[in-house]
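Enquirer: Sequence:
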Amino acid sequence: MMRTLMVGVASLVFGAAAAVAQEEHAKVRLISETKALMPGKTAWLALHFEIDDKWHLYWNGINDSGFAPRLNPEFPEGYKAGEFLWPAPKRYVQPGDILDHIYENHVTLMFPVEVPGSVAPGERVEFKASPEWLVCHDVCLPGGADVKLTLPVVDQDEGAPASDDAGLFAKARLRLPKPLPKDNVPVVINVAEGKVSIQAVGAAELAYYPGLNGVVYPSLIKEGQRKGDKLVLSFRKGTDGASRLKGVLEVKPQEPGEPMLWQLDVDLESVNKATPGPSDTDTRSRGD
1 MMRTLMVGVA
11 SLVFGAAAAV
21 AQEEHAKVRL
31 ISETKALMPG
41 KTAWLALHFE
51 IDDKWHLYWN
61 GINDSGFAPR
71 LNPEFPEGYK
81 AGEFLWPAPK
91 RYVQPGDILD
101 HIYENHVTLM
111 FPVEVPGSVA
121 PGERVEFKAS
131 PEWLVCHDVC
141 LPGGADVKLT
151 LPVVDQDEGA
161 PASDDAGLFA
171 KARLRLPKPL
181 PKDNVPVVIN
191 VAEGKVSIQA
201 VGAAELAYYP
211 GLNGVVYPSL
221 IKEGQRKGDK
231 LVLSFRKGTD
241 GASRLKGVLE
251 VKPQEPGEPM
261 LWQLDVDLES
271 VNKATPGPSD
281 TDTRSRGD
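Using my numbering, the first residue of the sequence shown is number 1, and each one after it goes up by one.
Just so you know, the hints here were simulated from the structure itself, not pulled from any lab data.
All clues given are correct.
Distance windows between CB atoms, simulated:
id, residue 1, residue 2, range
1, Thr-150, Gly-40, 16 to 24 angstroms
2, Ser-197, Lys-54, 31 to 39 angstroms
3, Gln-263, Gly-78, 28 to 36 angstroms
4, Pro-218, Gln-263, 20 to 28 angstroms
5, Pro-256, Lys-230, 20 to 28 angstroms
When the alpha-carbon atoms are kept at most 16 angstroms apart in a straight line, the in silico EDC-like pairs for lysine to aspartate or glutamate are as follows:
id, residue 1, residue 2
6, Lys-35, Glu-123
7, Lys-252, Glu-205
8, Lys-237, Asp-265
9, Lys-171, Glu-33
10, Lys-178, Asp-265
11, Lys-90, Asp-64
12, Lys-227, Glu-205
13, Lys-237, Glu-193
14, Lys-222, Glu-205
15, Lys-222, Asp-97
16, Lys-35, Asp-165
17, Lys-222, Asp-64
18, Lys-54, Glu-104
19, Lys-27, Asp-146
20, Lys-27, Asp-53
21, Lys-80, Glu-126
22, Lys-195, Glu-269
23, Lys-246, Asp-267
24, Lys-27, Asp-52
25, Lys-230, Glu-205
26, Lys-41, Glu-114
27, Lys-227, Glu-255
28, Lys-90, Glu-205
29, Lys-54, Glu-24
30, Lys-178, Glu-258
31, Lys-171, Glu-258
32, Lys-41, Glu-158
33, Lys-195, Glu-223
34, Lys-35, Asp-157
35, Lys-27, Glu-50
36, Lys-148, Glu-74
Just so you know, even glycine gets a beta-carbon here, dropped at the ideal spot from N, CA and C.
Input sequences plus hints: build the corresponding full structure.
Expert: Next comes the structure, spelled out in structure tokens:
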């Protein structure tokens, strides 16, 4: 109860904390994948957080407490920041049936920036942002900082070499979910009597991280992670009538290796309406 109360208090004082650049328990940098910009090309920037041991930040999905980091960019005219690409989180269960989806130790939140074609090689461009976040352990603290990054513009023929931080982008991409393929779909989804089953044949363990603006999962804390190749989730429509399964499925293999991460966005009302083929009695999600 105390931790939940602290989250609410943190939300109320958030703006004031950002103004004093509070970076307690989480440090942030604005970084670039390359050392330079090229006219008319997409650059990749990121907020990179280093998080103290036992503390965590929040994923941009359904959480019982906390909220995800915000960029608050102040970029030059003509430079537009895209949305964060959110690496898959981990489940975090606390006493009192509190379930959050979090990042520990470090996280790199990448976003694209469209570089105007009118910029000239030799120019130097300064990017500024005032990110805000909530960092939690046994209490939650609002955080904020003013960060900036200056990059030169080079000719496309010259190319933009990788920066010293390029490895952080590569590691973050390993945790980005992929859309389900159109063919040879690796995930089978069925719906019956208020439950959705998600199966990935051959998996050793499955975990589901619920996204925003989808159905409601009343028993996710018990049902959202299972050994084996099948999850069964209870659900009901969202308050706005939403009927979509929206989230990330993590599939851990039986053999040693990296897990697969799939982005799910499926209309559950249409799942069982497809006509099965002669030897196919399951409806396979195609992210319709």
